[in-house]
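Engineer: Work out the full structure, taking the sequences as your base and the hints as a guide.
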Amino acid sequence: MQIRLNGKDYPLAEQTKTLHDLIQQLNIDEEVVIIEQNHQIIDRSRYTDTNVQPGDVVEIVHFVGGG
Numbered sequence: 004m005q006i007r008l009n010g011k012d013y014p015l016a017e018q019t020k021t022l023h024d025l026i027q028q029l030n031i032d033e034e035v036v037i038i039e040q041n042h043q044i045i046d047r048s049r050y051t052d053t054n055v056q057p058g059d060v061v062e063i064v065h066f067v068g069g070g
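Here the sequence shown is numbered in our numbering, starting from 4 and rising by one per residue.
Derived from the structure by calculation, the hints contain no laboratory data. Ideal Cβ placement from N, Cα and C applies to all residues, glycine included. Treat the hints with caution; some may be incorrect.
Stated by the list, open to error - Per label pair, the in silico range of CB-to-CB distance:
hint, residue 1, residue 2, range
1, E33, G69, 14 to 22 Å
2, N9, R47, 14 to 22 Å
3, I45, Q18, 17 to 25 Å
4, Q5, G68, 17 to 25 Å
5, G68, A16, 23 to 31 Å
Structural biologist: Below is the structure:
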């Protein structure tokens, strides 16, 4: 299965079914990102029950701190 991730084609592992699985696959801390799927921002509480489908367009935005 393949999605569009941050503007690039990205193949998903067979076991990747949800947004939570995707961020685990990418080794990302879900507390420091916002995920947009098909032009809709997904609430963090829904990552575990939001499915990823072939052809989905996913944008992951990282928070960066500084001072």
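Engineer: Please write out, lowest number first, the hints stated earlier that are contradicted by the structure.
Structural biologist: Those not satisfied come down to hint 4.
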